[in-house]
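Undergrad: Based on the provided sequences and hints, a complete structural model is requested.
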Amino acid sequence: MDRRECSVEFADWRMGRMLQVWDTSDDERFKLLKATQCRSAHGILLVYDITSSKSFQNIDGWMKEIRRLCPDKVTVLLVGNKSDDPNHRQVSMAQGFNYAHRQSICFEEVSAKSGRNVYDIFSSLAMDIYTYRRVHCNPFSLTSWQEEEDAAESLD
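Each residue of the sequence shown is one higher than the last, beginning at -19 in the working numbering.
Since the hints were derived computationally from the structure, they do not count as laboratory data. Mixed in with the good hints there might be a few duds.
Heads up, simulated EDC-like pairs for lysine to aspartate or glutamate below, C-alpha to C-alpha not over 20 Å straight-line [unchecked claim]:
hint, residue 1, residue 2
1, 44, 65
2, 93, 64
3, 34, 45
4, 93, 65
5, 93, 45
6, 34, 89
7, 44, 64
8, 34, 64
9, 53, 108
TA: Next comes the structure, spelled out in structure tokens:
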């Protein structure tokens, strides 16, 4: 499993908390860990490979798991990767968009290879999380963040 931390800057403020990004890929070894992490997650990037129809078909199972394991507050962004390889595309942009629309989630295509739209998806996810928290709780209170994480950990 790969873990990274990053911060996201917006026009008038800097997020007071780092984004923790966990890449568990589609590996069964991490299924238990995913359930634990889902409880305290504020956002999920659900990534599929646009050059693999099987990868896209697996998204439905992952969405069911997310809906089952994650709290209602989690923000999900559907991401089609490998947009730099149009000659091998098996999943159209319209398919990704339509699936995201049916699930009421956002959609974007990226290229991890070239970096196209990668920063944008993290910024979009962070802004969606910030917006939700601003409406539903005090986003600048470390206590509210910590209380949520402590509650999620106590379920383990």
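Undergrad: Now tell me if each hint is right for this structure.
TA: Here is how each hint holds up against the structure:
no.: 1; hint: 44 to 65; in the structure: 29 Å, violated
no.: 2; hint: 93 to 64; in the structure: 7 Å, holds
no.: 3; hint: 34 to 45; in the structure: 17 Å, holds
no.: 4; hint: 93 to 65; in the structure: 10 Å, holds
no.: 5; hint: 93 to 45; in the structure: 28 Å, violated
no.: 6; hint: 34 to 89; in the structure: 17 Å, holds
no.: 7; hint: 44 to 64; in the structure: 29 Å, violated
no.: 8; hint: 34 to 64; in the structure: 19 Å, holds
no.: 9; hint: 53 to 108; in the structure: 11 Å, holds
Checked against the numbered hints above, the structure violates hints 1, 5 and 7; every other hint is satisfied.
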